[in-house]
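In case you want the letters, here they are:
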Amino acid sequence: MQAERIQEKLEILADAAKYDVSCSSSGSNRKNTKRGLGNTGAGICHTYTEDGRCVSLLKILLTNHCIFDCAYCVSRRSNDIKRAAFTVQEVVDLTINFYRRNYIEGLFLSSGIFKDADFTMERLVLVAKKLRQEHHFNGYIHLKTIPGASDELLYEAGLYADRLSVNLEIPTESGLKLLAPEKNRKDMDEPMDYLKGEIVRTKEEKKIIKSTPKFAPAGQSTQMIIGAADETDRHIIQTANHYYATYQLKRVYYSGYIPISHDKRLPGIGAAVPAIRENRLYQTDWLMRFYGFRHDEVLDEQHPNLDLDIDPKLSWALRHLDQFPVDINKSPYELIVRVPGIGVTSAKKIVAARKFGKLRLEHLQKIGVSLNKVRYFIICEGFLPLKSDKPAVLLKQYILAESQSKYQKALSSQLSLF
Amino acid sequence: MSTTVYYDGTWQGLLTAIFEDYEYRLQSCIIVKSGTAVTQSLFGRTHQVYTDKKKALRVKNGLLKNVGKVALQELYCAFLSEKEGIEVLILRVVQYYMAGEKSVHSNYAHEDVLQIKKIHKSVMRERHRFKAFVRFRESTDGIFLALIEPDFNVLPLISTHFKDRYADQLWIIYDVKRQYGLHYDKSTVREIVFDKSIDVKQLEAVCSTEEQLYDRLWKRYFQSTNIVERKNTKLHVQHVPKRYWKYLNEKEG
Numbered sequence: 001m002q003a004e005r006i007q008e009k010l011e012i013l014a015d016a017a018k019y020d021v022s023c024s025s026s027g028s029n030r031k032n033t034k035r036g037l038g039n040t041g042a043g044i045c046h047t048y049t050e051d052g053r054c055v056s057l058l059k060i061l062l063t064n065h066c067i068f069d070c071a072y073c074v075s076r077r078s079n080d081i082k083r084a085a086f087t088v089q090e091v092v093d094l095t096i097n098f099y100r101r102n103y104i105e106g107l108f109l110s111s112g113i114f115k116d117a118d119f120t121m122e123r124l125v126l127v128a129k130k131l132r133q134e135h136h137f138n139g140y141i142h143l144k145t146i147p148g149a150s151d152e153l154l155y156e157a158g159l160y161a162d163r164l165s166v167n168l169e170i171p172t173e174s175g176l177k178l179l180a181p182e183k184n185r186k187d188m189d190e191p192m193d194y195l196k197g198e199i200v201r202t203k204e205e206k207k208i209i210k211s212t213p214k215f216a217p218a219g220q221s222t223q224m225i226i227g228a229a230d231e232t233d234r235h236i237i238q239t240a241n242h243y244y245a246t247y248q249l250k251r252v253y254y255s256g257y258i259p260i261s262h263d264k265r266l267p268g269i270g271a272a273v274p275a276i277r278e279n280r281l282y283q284t285d286w287l288m289r290f291y292g293f294r295h296d297e298v299l300d301e302q303h304p305n306l307d308l309d310i311d312p313k314l315s316w317a318l319r320h321l322d323q324f325p326v327d328i329n330k331s332p333y334e335l336i337v338r339v340p341g342i343g344v345t346s347a348k349k350i351v352a353a354r355k356f357g358k359l360r361l362e363h364l365q366k367i368g369v370s371l372n373k374v375r376y377f378i379i380c381e382g383f384l385p386l387k388s389d390k391p392a393v394l395l396k397q398y399i400l401a402e403s404q405s406k407y408q409k410a411l412s413s414q415l416s417l418f
Numbered sequence: 001m002s003t004t005v006y007y008d009g010t011w012q013g014l015l016t017a018i019f020e021d022y023e024y025r026l027q028s029c030i031i032v033k034s035g036t037a038v039t040q041s042l043f044g045r046t047h048q049v050y051t052d053k054k055k056a057l058r059v060k061n062g063l064l065k066n067v068g069k070v071a072l073q074e075l076y077c078a079f080l081s082e083k084e085g086i087e088v089l090i091l092r093v094v095q096y097y098m099a100g101e102k103s104v105h106s107n108y109a110h111e112d113v114l115q116i117k118k119i120h121k122s123v124m125r126e127r128h129r130f131k132a133f134v135r136f137r138e139s140t141d142g143i144f145l146a147l148i149e150p151d152f153n154v155l156p157l158i159s160t161h162f163k164d165r166y167a168d169q170l171w172i173i174y175d176v177k178r179q180y181g182l183h184y185d186k187s188t189v190r191e192i193v194f195d196k197s198i199d200v201k202q203l204e205a206v207c208s209t210e211e212q213l214y215d216r217l218w219k220r221y222f223q224s225t226n227i228v229e230r231k232n233t234k235l236h237v238q239h240v241p242k243r244y245w246k247y248l249n250e251k252e253g
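If you're matching them up, the sequences are chains A and B in order. The first sequence begins at 1 in UniProt numbering and counts up one residue at a time. The second sequence begins at 1 in UniProt numbering and counts up one residue at a time.
Bear in mind the hints are in silico, worked out from the structure with no lab data behind them. Please note that the accuracy of each hint is not assured.
Unchecked claim - To give an idea of the interface, some chain A residues facing chain B are shown, with a C-beta separation under 10 Å as derived from the structure:
| no. | residue |
| --- | --- |
| 1 | R35 |
| 2 | D51 |
| 3 | I67 |
| 4 | Y103 |
| 5 | I104 |
| 6 | K207 |
| 7 | I208 |
| 8 | I209 |
Since we're looking at a predicted model, the values are computed, not measured. Where is the CB? At the ideal position from N, CA and C, for every residue including glycine.
All chains, please: the whole structure from these sequences, using the hints.
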């Protein structure tokens, strides 16, 4: 009976939590002290669901009871669904026992808001505290920060959790007003601002006093729902950039809206999940964080949306043909990494290998560079770029004609709608 | 004249073989584990290596001095791939490393070096997978047992990870294919070999009622956390190739 009930709760509360896309379990370096249980830092994906997303953390809600009525959320109070709530001890037992069997890297605990912000936050903190103090658990803990929770609770959360996150929900304020009128951006910014301050302060203190306890060592992240309101990609990336810069977020997650409601304000049930758009946004996010691109280089007033048929770096390059060709054997790393078809790893290998001799096209191929794209943009030993006199439109056609996009099928069906 | 070299199949043994290739000017063309059947060339010589820690250490130190720890570890990982002909490839690369200038190990344009990097990468990928694809079952006597069949011999590479992580827990990870395992007794990790009369599958079946509960809960969780609207079987199988499903309880029918 007891076991049956736990199973049912797990089904309901895992199902309700699955729309939160954060899965990261790296970025923290908690050691296993005093022969306790677990450590972090390895960033292991223990399995993958049939939709191809990684399972790294036990991702559940403490409860799906909620006082809010946000249009895009399955747990909204007006939705007629089964409700359930875990006890603190039940979450602790599940985490420990899943962890011991090497199923997970740790816990990602979120919750619907029951009663008020502090009441909810207090219980989230209690789970983390019990895991750390009673079970000497050093695995990964990601807690949701509940907007409106008091600073004292946020502080305690930071002491036990590796990562904290507030969801921005909708990228634009107008969209938020439309779909979640009971929420506002300010309530989300405040906890982020407080936690950023504490994270910075702890880091400073740790430089002087080594024994300063860890405070959310894996930092903060956030998530935005894509395609529920009518924002452009430029809006989304501007918002992301603002939060990266202002609150020093470690990650911004983009979650393509999955239709779950007949609400007229939203895309109807059966509408496709904007998976390609989501992927292009992540690529842009990567360009900002690892490739040295500014957000307004990729998207601007003339180009407010990302191309779906080509990746954002190629799209940028085709708009900036004056910056090419790049000489593989002479140009600095920063320019090489901007060439379409060359990733961070390949760029580093190129810079290392060219010290031993001039690199030719076949060397690049062996290093793992995709020649289909690069050959229009580079010079290397014995090679000049193809069709360098041709306009961007034609180059794009050449590249597309010879590439096999994994999205080809999805794209042709989505584009034919227009 | 080329030589066929036999060694004991250990890393130390291979390092000794590499030392002796230089010492006796062997021009080794085949290096294999003793007992392996090879087609001898008519005029070829054979040479038997007896593992010598001192010789092995000299090769190791030479490599450390010339190319450093990382490059040495790459060679060790490549060795664990157990690929046919890996010994001779390692020999050639060691010779290149020892003859050349400093940091030649980052010459990605060199055929053999690139080959080692590639094999190293696939061994490391397998190592990472087996930090993930190990599933412990708690037996009635409190030992957490996991069975694995990795493509490469990765047990030596994951030992420390599991020792650090499950420091307060008794566990065994057993490589069914290579018929040996690691046993941790809450202080040290030791290599073990099960008696041939033991059926490892049977061992796994002996588990507590609590084990059955969490096994069931995990399977339910795995189903519930899936988003049906985003089904993507190709990506799923790419991340969890079918050959690993055998020991993953969430993939049991």
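For each hint, the structure was consulted:
no. : hint : result
1   : R35  : holds, 4 Å
2   : D51  : holds, 4 Å
3   : I67  : violated, 24 Å
4   : Y103 : holds, 5 Å
5   : I104 : holds, 9 Å
6   : K207 : violated, 26 Å
7   : I208 : violated, 28 Å
8   : I209 : violated, 26 Å
Checked against the numbered hints given earlier, the structure breaks hints 3, 6, 7, 8 and satisfies all the rest.
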